[in-house]
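Asks: From first to last, the protein sequence lines stand for chains L and Y.
All letters in the first sequence, in the order written, are residues 0 to 557 by numbering that gives the first Met the number 0.
All letters in the second sequence, in the order written, are residues 0 to 430 by numbering that gives the first Met the number 0.
Keep in mind that the hints were calculated from the coordinates and are not lab data.
C-beta: ideal position from N, C-alpha, C; glycine also.
Where hints are given, some of them may not hold.
Stated by the list, open to error - Listed next, with one range per pair, are the computed distances between beta-carbon atoms:
1. 203/Y to 199/L: 15 to 23 Å
2. 199/L to 183/Y: 40 to 48 Å
3. 208/Y to 164/L: 19 to 27 Å
4. 516/L to 123/Y: 49 to 57 Å
5. 157/L to 343/Y: 15 to 23 Å
6. 183/Y to 341/L: 53 to 61 Å
Claimed, not checked - Here are some, though not all, of the chain L residues that point toward chain Y, as calculated from beta-carbon distances under 10 Å:
7. 71
8. 171
9. 172
10. 230
11. 269
12. 364
13. 369
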Amino acid sequence: MHKHLIAILVLAVSGCQGIVGGSGNGGGSGGGTGSTSSGLCAPVTMPALARLTRTQYQATLRDLVGVDIDVTTFPPDDDSLGFAVGATTSALLVKRYAAAAETAAKQADLGTVVGCAASAPQKNTPQGNTIDEKCAREMIVSFGRRAFREPVKQDVADRLIKLYREAVADGQSAEDALRLVLRAMLQSPRLVYRRQRPEKQRAYSVAARLSYFLWGAPPDEALLSLAEKGGLDKGEQIAQQARVMLADKRADRAIADFFRQWLQLDRLDAISKDENTYPGFDSALAASMKRETEAFVHEVLRSGDGKLRTLLTGGYTFVDARLAAHYGIDIGADKSPSVAHRVELDASRRAGLLTHASFLAINANTDQSSPIRRGKFVRERLLCQDLPAPPDNVAATPPDPDPSLPTRQRFEEHRKDPSCKSCHQLMDPIGFGFERYDGVGRYRDTEAGKPIDDSGSLVDTVDLDGDFRGVPDLAKKLAESAQVQRCMVKQWFRYAFGRRESGFDACAIREAQKRFAAADGDLRELIVAIATLLAEADASGSDPAPSSPSSPSSNDKN
Amino acid sequence: MSLSRRMFLGGLAGAAALGVAPIVRMRTANANGFPRRLVVFFTPNGTIARDFFPTPGDDFALTPILEPLRQYKDKLLVLDGLDLESSYAGGGGPHQRALASLLTGYELIGQWAGGVSVDQHIAATVSKDRPFKSVELGVQVRFANTMSRMIYAAAGQPMPPQESPKLAFDAIFGQIAGQKDPLGVEKLRRQRKSLLDSVTSELAAIKRELGGQEREMLDTHLDAVRMMEKELTASGDPGGACKPPEINAVGVDPLSPQSYGDVGKQQLDIIHMALACDLTRVASLQWSHGESPVSFPWIGVNSGHHGLSHSGDTNVAGNTSLTKIMTWYAEQLAYFVGKLAATPEGNGSLLDNTVVMWCNDLGKGNNHSRRRVPFLLIGNAGGNLRTGRAIDFGGKPHNQLLASLCQVMGLEDTKTFGNPLFCPAPLTGLG
Chain L
0 MHKHLIAILV LAVSGCQGIV GGSGNGGGSG GGTGSTSSGL CAPVTMPALA RLTRTQYQAT
60 LRDLVGVDID VTTFPPDDDS LGFAVGATTS ALLVKRYAAA AETAAKQADL GTVVGCAASA
120 PQKNTPQGNT IDEKCAREMI VSFGRRAFRE PVKQDVADRL IKLYREAVAD GQSAEDALRL
180 VLRAMLQSPR LVYRRQRPEK QRAYSVAARL SYFLWGAPPD EALLSLAEKG GLDKGEQIAQ
240 QARVMLADKR ADRAIADFFR QWLQLDRLDA ISKDENTYPG FDSALAASMK RETEAFVHEV
300 LRSGDGKLRT LLTGGYTFVD ARLAAHYGID IGADKSPSVA HRVELDASRR AGLLTHASFL
360 AINANTDQSS PIRRGKFVRE RLLCQDLPAP PDNVAATPPD PDPSLPTRQR FEEHRKDPSC
420 KSCHQLMDPI GFGFERYDGV GRYRDTEAGK PIDDSGSLVD TVDLDGDFRG VPDLAKKLAE
480 SAQVQRCMVK QWFRYAFGRR ESGFDACAIR EAQKRFAAAD GDLRELIVAI ATLLAEADAS
540 GSDPAPSSPS SPSSNDKN
Chain Y
0 MSLSRRMFLG GLAGAAALGV APIVRMRTAN ANGFPRRLVV FFTPNGTIAR DFFPTPGDDF
60 ALTPILEPLR QYKDKLLVLD GLDLESSYAG GGGPHQRALA SLLTGYELIG QWAGGVSVDQ
120 HIAATVSKDR PFKSVELGVQ VRFANTMSRM IYAAAGQPMP PQESPKLAFD AIFGQIAGQK
180 DPLGVEKLRR QRKSLLDSVT SELAAIKREL GGQEREMLDT HLDAVRMMEK ELTASGDPGG
240 ACKPPEINAV GVDPLSPQSY GDVGKQQLDI IHMALACDLT RVASLQWSHG ESPVSFPWIG
300 VNSGHHGLSH SGDTNVAGNT SLTKIMTWYA EQLAYFVGKL AATPEGNGSL LDNTVVMWCN
360 DLGKGNNHSR RRVPFLLIGN AGGNLRTGRA IDFGGKPHNQ LLASLCQVMG LEDTKTFGNP
420 LFCPAPLTGL G
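The shape of chain L in the complex, shown without the other chains (with noise of 0.2 Å):
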């Protein structure tokens, strides 16, 4: 305990001149003594209850009844980590739920749901009518435990039961009776609150933790009679079932949610530029350029070598005719236009996924580029520093740069405000790295007339430090570094635990990393150790909820 004491002091007086977690090893050895299966530290903890996220409720409706439903129309999930989390509810979105349910639960095959309704061939014929009380059972109990992740209880079952016997009561057919209870069961807080279990049913936990961070989805019937068995019980079993369902077609999905959130892709679906500054961007284009990065995430992934470093200086990409034009890359004209074909880059314009037009329009303004914005997700996301809250009423008003200089100088402008500059230069000179690439990812040689400076720097890093030229360069310097191989560590955490790391989880990240840097950066290893973290983590009633830093955090930023 002294330990994270005085972590935490540190951190306290930290400001701009220190980062917050800046240290990159910050939180001393705080695993505490106990011992698991698989490691030397403790176990780290999840709280007792979460709410699936509307992704992952979508994704459940679609493997439990075949139905996609639309999650737009939900309520959004709190961000504010970086990851979406699950960590409150509301009237809306429980409405939501309702609506939801309803219409997964019309057009469900309920032959698929439960096999004794398969042949019903007529509506509530007293021959030939298939679907009676023991069908509804039938359907309780077996496609019940998928949809609860574990086995029915009595209880429950005959609560579910009632509702049927009332429904026919009411002069309802056998059919729209047991549509109802699915009805009942898809927006059962049963589904949707994820509860990590005691000691008995625990391993049915550790199979939806898997399933939900491995595939995004529920567990199958497969992994839930593995649990069943004791097949998940020891951190060896963990690991190799990890690396199973690593493999699985299905993990595509949960990868690609990951990027997504990282990279905040989804920005691009509602994302607008100024048409005077850049006429013909539409959202045609901005799909386009979000089809590239989950292309290329794709390929390293799942056919590539998997290494963080090729994500960040792979020197090809995916582009479609017309990203190919915006890019001024010549697809070749016996080429499908859809389709987003390889091409190799020119390497000393671009690399890997920081030269995407997709993170370099997101992380822009509408009429200009942006070295703030550019040189804040590399120092949030990328080196894990938090960057802290602009101070509070800041004496001075930023200057007013003359608008016809280029954005470089502007910018330089605006840091030459001490009160500015503290934190700015933790973003800006990294930033202006980016500078070869306009608001829309464009690549550029002048700007206002004046020829681009491309000359980046990054200070207060742990083994970063120093000046680089443009982006393949700073990427080069980035791929290599210890301290954005832990980075990647905390991001996939954050993402599997719905939390921000602490100083209790130092020891099992400090493994986590040993294990990525051993298989020489390759994120599937990463994935598998966070997997096996994930499923020996231990649900803790006195945890605060997921995502309640002891403050909000700075990425909370729109």
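Let chain L serve as the given structure and place chain Y on it in line with the hints.
Replies: For chain Y alone, coordinates are given in the frame of chain L:
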């Protein structure tokens, strides 16, 4: 997404089926017998003080930003000199603190505000017997983080606004749409009731299993189910000014940047009719969030609002754009106030029985100041507000205004609101 007029007319039948009670005279009603209503109208990123605040007085001169409200000048009560004092306590970034404190009068405790928001507090009394306790709508709020939430059901329990006019319409006016046959309606009601009962029993069972941990989410869920039950049993008959709004939502994508104004108007139409039909007595509209990226090319403002709000004090172009944006918001407000004014109630109008509060998270965007936050009250709240004036409170905590708002809405015993450290007493001189 496209909505047809027919769909909404279908909703009209739905509203008739759902039944809308004739306006009930309650103890929070006014001398004229009509109930009081509260509407919160939020816009972000501060203002340009000289273009917003008039010189205080009874016969004040309209400022450029307030110009669109000229027709309703005698219904305006402009409040200068109010500070979000509670936002200077606690942690968080400036936009986070500001949004959290604006309606709750509390600082952030952890990630969320430490108390209920004033609209919800008032709704618990004035809207108690209405089908909807309150209606929270938004325009392209998009996010769910601290700087995107201003309404709180309780400490730590932020409430998201509905951002889709279609879904808002369906929820409020189209409950059991298309069902003309009363027996069918009854049956649907029974069905929904039994589904809600099922959710309730499982929530109770899970709460027992968890043994007291992590109960807040389950309690909020339970409250939501209870509200939905009440919405089911609302009955009565629409009449008089109550007609579900006719909204032409064809081609209006609630998330498209070009639709910003259209979506806002539709949401305001829905709020107007929810009030006119007395389906609720408390509503709010939240435009964007604390770091609004919205640009307004239709008024010649092509940069994002938040970026512009950091223009220096001497940046004429930047400040002109900010005034343009605030003036545009005032136009939207005038549109809404016009609807209230055109809705007869007794010898007057709905506006006479309503108070609309235009509020902002900041006073000044470029330094995140939460002092001199622009507050504007519109309407008489049944004679409880003496309007047509501009008052300067000279630097009082805005919690005092929130407490006054409770009184104005009929919670007359209110002595304080939010964190009592920042609320010595309600404001005087509003009535």
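Asks: For this structure, which hints from the list above don't hold up?
Replies: 5, 9 and 10
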